[in-house]
Amino acid sequence: MEQTKERVFQASSLVALVAVWELLARALDVSALPPPTQVVVVLYDLLADGTAFGPLASTLRRTALGFLLGFGAGVLYGIVVYVYPRFGDVSRGLFDIAMFTPTLVIIFLGLIMLGSNDYTVVILVGFVISTNVGTYMRDALRDFDQDLVGMAVSYKAALPQRVRAMYVPYLIPPMLAAGRIGFSLAWKVAFLCEVFGFPEGLGWELRASYQIYDMPTLLAWLSLFIITLLVVEQLTRFAERSVVRW
Amino acid sequence: MDIAQGSFTVLLGPSGCGKSTLLNVINGLLRPTSAEAITVEGVDVRHNPEVARRMAYVFQAPRLLKWKTLRGNVEFGLRGLNVQPRERWGELIEKYFGAVGLTEYMDYYPHQVSGGMQQRVAIVRAWANEPQILLMDEPFSHLDELTAAGLRRQLVELWMREERRRTIVFVTHDISEAVQLASDVVVLTPPPSRICHRRHIDLPWPRTVDDDELFEVEKELRKVFIEKAGVPL
Numbered sequence: 001m002e003q004t005k006e007r008v009f010q011a012s013s014l015v016a017l018v019a020v021w022e023l024l025a026r027a028l029d030v031s032a033l034p035p036p037t038q039v040v041v042v043l044y045d046l047l048a049d050g051t052a053f054g055p056l057a058s059t060l061r062r063t064a065l066g067f068l069l070g071f072g073a074g075v076l077y078g079i080v081v082y083v084y085p086r087f088g089d090v091s092r093g094l095f096d097i098a099m100f101t102p103t104l105v106i107i108f109l110g111l112i113m114l115g116s117n118d119y120t121v122v123i124l125v126g127f128v129i130s131t132n133v134g135t136y137m138r139d140a141l142r143d144f145d146q147d148l149v150g151m152a153v154s155y156k157a158a159l160p161q162r163v164r165a166m167y168v169p170y171l172i173p174p175m176l177a178a179g180r181i182g183f184s185l186a187w188k189v190a191f192l193c194e195v196f197g198f199p200e201g202l203g204w205e206l207r208a209s210y211q212i213y214d215m216p217t218l219l220a221w222l223s224l225f226i227i228t229l230l231v232v233e234q235l236t237r238f239a240e241r242s243v244v245r246w
Numbered sequence: 001m002d003i004a005q006g007s008f009t010v011l012l013g014p015s016g017c018g019k020s021t022l023l024n025v026i027n028g029l030l031r032p033t034s035a036e037a038i039t040v041e042g043v044d045v046r047h048n049p050e051v052a053r054r055m056a057y058v059f060q061a062p063r064l065l066k067w068k069t070l071r072g073n074v075e076f077g078l079r080g081l082n083v084q085p086r087e088r089w090g091e092l093i094e095k096y097f098g099a100v101g102l103t104e105y106m107d108y109y110p111h112q113v114s115g116g117m118q119q120r121v122a123i124v125r126a127w128a129n130e131p132q133i134l135l136m137d138e139p140f141s142h143l144d145e146l147t148a149a150g151l152r153r154q155l156v157e158l159w160m161r162e163e164r165r166r167t168i169v170f171v172t173h174d175i176s177e178a179v180q181l182a183s184d185v186v187v188l189t190p191p192p193s194r195i196c197h198r199r200h201i202d203l204p205w206p207r208t209v210d211d212d213e214l215f216e217v218e219k220e221l222r223k224v225f226i227e228k229a230g231v232p233l
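Chains W and F, in that order, give the protein sequences.
Residue numbers for the first sequence follow my numbering, so the first one is 1 and each next one is one higher.
Residue numbers for the second sequence follow my numbering, so the first one is 1 and each next one is one higher.
If you're looking for bench data, these hints aren't it; they were derived computationally from the structure.
Predicted model only: the values in this text are computed from it and were never measured.
Every residue, glycine too, gets a C-beta built ideally from N, C-alpha and C.
Please note: incorrect hints may appear among the correct ones.
Unchecked claim - Computed list of lysine-lysine pairs in BS3-like fashion (alpha-carbon distance at most 30 angstroms, straight line):
no.	chain 1	residue 1	chain 2	residue 2
1	F	K68	F	K95
2	W	K156	F	K219
3	F	K223	W	K156
4	F	K95	W	K5
5	W	K156	F	K228
6	F	K66	F	K95
As the list claims (entries may be wrong) - If you want the footprint, here are the derived chain W segments under chain F, 3+ residues with CB under 8 angstroms:
no.	region
7	151-157
8	164-178
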């Protein structure tokens, strides 16, 4: 019941957004803001004739690979810091610099230094999200209840049992949360890489539409970007509800 | 200090006197500073992990894994202490959940039951291993008095039902609790801690708070607390 209410509220905010958009488009009547109906028609055409799927698949592939790289590195960092706190002290400054440096600057530097290719996008996505996921995992593990460790030691639980029965279940919720945030960030970074220097993918399509001032197509690509993100977000939430029952 | 097999020994002392530390040393969670500081049937616990496997620990807080069901939490202890054969686990779990009246809650998660029930599960987790020695560190101090009284009664029933096969070492700073439970009370002083008094209580269980003899023992221990342990009451 509570979930249904939540969904109704979420859907109503989207409907409100589209309604405001429609009213603004009618009131302003400028080419910079086409009405949503016009954008939906373009989006439908892009999907119907298959034009959308190539760029979408390219961006998704880069995002997924970069996400896996960055997520794995971030989780590994969190675990290493938990096991060797001194490493956390040493790396904290570097991590903070990496995290607080504007993402656009990192993208520009990466594209200039490594060149505009698939690997660069994957590395950039991985780098940006590894710092966020790493920080999240580090903080989650820092809060692990040490009384439980004492309990496990008193019951002579061996390391494999502790990892399987204590650490992994404990980490599942923060990993899912970090994954959700990480994926949305990865998706944006891949998109921006394409906007600023990669001649393929959703970002590039959006840029191409911008250069010829084709606003309905630009907004259609942007809608596709947002819809994909919302679908992944919902899938992750569903996974979270299925796995985390406690 | 010698603790007799099958006794219910209560370590009574003011906060900070090292009662919990002593339990941790007995259990091997902390290393004693000298060899053979703690021996069980003549065997040094430092060099014999099997001795430590015959002990189980109940802490002040239940320390349950919130992502495991109550049954799963008890299985965690059984697996850790390598209780064999594994086919007996089901029987042990049923038996001890039944003994504390929690059979119907075995598949609940900790957050779905009360604090008192969680502490009962912690007792089941320890008891299901059928330990030779049960270490209990102020296990009822976080509970309200009514719940604590009920749990004390269940603990004694469990211990008596098994004909006092298990040796219980119970830490508390509550004199009333000590006299209700103990067959032997060891009173410790504030740091630097030392034993200042030992008292065998030869009264039958279950004990009630309005028992005159018990009240006399309690008065005696209060006097010891003030005079020997130097604790103002």
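(request) Kindly indicate which numbered hints from before are broken by the structure, ordering the numbers from low to high. (result) 2, 3, 4, 5
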